[in-house]
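**Student:** One letter stands for each residue in the lines below.
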Amino acid sequence: MSDSSPVAGTNVDGESPQLEPTVETDEATITDDAELERTLGLTGGLAIGIGTMIGAGIFVFPGLAAGQAGPAAAGSFAIGALVALLVALPTSELATAMPKSGGGYYYISRGLGTLAGTVVGLSLWFGLVFATAFYLVGFGYYAVDTLAELGVAVGDGLVIPLALLFGAGFTVLNVTGTENAAKLQNGIVALLLSILVVFLGYGGLDAMGLIGDPSAPEQFAPFGTMPILTTAALVFTSYLGFAQVATVAGEMKDPGRNLPLAMVGSVLIVGVLYVATIFVATSAFGSERLAEFGETAMVEVGRHYLGAAGAVAIVFGGLLATMSSANASILSTSRAIYAVSKDALLPRRASHINLRYGTPHVALGLAGGPILVLVATGRVELLAEVASFLHLVMYGLICVALLALRRNEPEWYDPDFRTPGYPVVPILGALASFALIGFMQRASQLIGIAIMVAAAGWYAYYARDVTLRGALQ
Amino acid sequence: MTRVLVPLAILEGETVPAGLPTLLALADVTVLGYHVLPEQTPPDQARLQYEDRATAALDDLVAEFEAAGGAADHRLVFTHDREQTIDRVAAETGADAYAITGVTGPVDRLLVALSDAAAVDRIGSFAADLVAGREIDVTLFLATDDEPGGRESLEAAAEALAAAGIDVETELAVDDAPFEALVDAAADHDAIVMGEQAPSLRSFLLGEDAERVAAESVGPVLIVRSSDGA
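First to last, the sequence lines map onto chains U and Z.
FYI, the numbering used here numbers position 146 of the first sequence as 146, with every residue one higher than the one before it.
FYI, the numbering used here numbers position 118 of the second sequence as 118, with every residue one higher than the one before it.
Heads up, a few of these hints could be off.
Stated by the list, open to error - Okay, the calculated bits of chain U under chain Z, using three or more residues with CB under 8 Å as the criterion: (1) 22-30; (2) 80-89; (3) 105-118; (4) 329-342.
Claimed, not checked - With a Cα cut of at most 16 Å, we get these calculated EDC-like pairs of lysine to aspartate or glutamate: (5) LYS253(U) x ASP81(Z); (6) LYS253(U) x ASP465(U); (7) LYS183(U) x ASP81(Z).
To be clear, the hints were calculated from the coordinates, so they are not data collected in a lab.
Keep in mind it's a predicted model, so treat the numbers as computed, not measured.
Think of the CB as a built atom: it goes at the ideal place given N, C-alpha and C, for glycine as much as any other residue.
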């Protein structure tokens, strides 16, 4: 799997992409003078994927989604899962062919060239920034509800200040903290899954009328089919986590096996949980009441089925879940910035590591700063949609990159995992990704397009002489 | 030829004590320079920044081992997990032992602990190859509850070393706490050879025996690896 390609081009600062031939084994990446240990196992990969996704889909969206689509919001989540799967399969193939940090950006820059690579790389940075801001606002709502459950009613006015405080806190912790938080993340995800399985199991039996009081069924799609699609576009943010798995591809053990399993597995697991959650939630209350409860509607659902204990469990779960989503996304953002900076699409100092803590403080700052600005807007739905927009562009292009690489397979292209149903799956994946963008609010679309145009402008100014297509390192 | 892995946190200024290259002069040495990164940092990102500095430091260390008459090479690894890296490189190089570097001048007296029952033969022959024909006194040490059996295996091991022309003494600690007895015995020796004890509840709670011995005694500890994976 090694290859060396001529390095071509420099950016405005005179830096070239840092490309070196490497040999990939299951346990390490071997460069000329050094080795890079692969330390993440399948559990770690699943924890990143699930941990990033579960906060949004279960703890933030149910109320918002039910308000827009009624009980058919379950269908919206199912559509989201299907689109995510259609993209996760091609992403898995590319990830096993190029198991590098940088994820989607890397495949697109190598498969489709520098312009597409720059646009996607910088869009991924901002996409993750929008997603993190969204998770943090969700966290703010849960923090306020936690205080309320503890008897300290502070009102929603504190949502944004708390989100800002913790956003800044996570950024600083990631710069200064050298504790191994991965084990903590695994534990949090395991705990969350246990809470959810108990809760959904009980609520599911109740909702199907097997226990508890029977409730009158509500019309499944009170607003028709169009809201199901627009809601799918909104809640797609709940499925962004598998791309985060790709950003740590360079650190996964046995990448040929673990990357596809972690990406596809995490999408399947959270997809099932999301659909079940919406079903249980809309059975507990009508979707109208659910919508009134807003971002923390699940707390009321927990109270409905399991009383005060249920409410506390959900509040606690929501705090943990939104926190782990936000933190994992800050880390992914830093890796995304590193990947483009290594390729000379951003100044090299963006990926500088400080000596004291060994952490990439510049990249973390470039993640944390914009995140705080966006959190301050407090626009949950807008943040979510722009995040989805920018990711969906990348997902669509990942599918296109797969088609381009497969049509004319380069010598180095040797993936351990090949997408089943080729070429139908990547074609459908690309079409579905781009189509979902069409169902978003106009404002989200405009912001997303503006960011992509700005990224293209940056390419024209800064890095138009850099050549990346087919350049492996 | 025996191969010894010498892992060092290369960018944190860990160096090799003066006596170690001489002690390992008859072995093939692989200096493993590693740098542990917090999970926020991709190993490759650190490599771009530190590779040149780390390689220069490793070249100097390899030169020290070669100056003492040994054969040495080096590996450089950026990792999130020190244990995993040492295990992998030890297996890949087929190392018989790895070193926890301490502080020592010339090594005149070597303590060889045979407490790892499964590895007595391997530890003995490793010590024989290490010393082979040099003026280094060896003390074979065993802590056990079974006095006759312990004496027997000490004698057998001592005979094998003596046959190779090595000055051997034996020391048997009966009914003492094995770990404390070993640390006491280590006090008047310059370096220690011992086995990789099987992980036990005790080592889970207190850290691996070898690491604890290294922490308690000043000199370097050479840990003979278990056969699996070697």
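**Student:** Take the hints in turn and mark each one as holding or not.
**Tutor:** Now for the hints, and whether the structure bears them out:
no. : hint                  : in the structure
1   : 22-30                 : holds (count 3)
2   : 80-89                 : violated (count 0)
3   : 105-118               : violated (count 0)
4   : 329-342               : holds (count 5)
5   : LYS253(U) x ASP81(Z)  : 12 Å, holds
6   : LYS253(U) x ASP465(U) : 35 Å, violated
7   : LYS183(U) x ASP81(Z)  : 12 Å, holds
This entry does not satisfy hints 2, 3, 6, going by the numbered hints stated previously.
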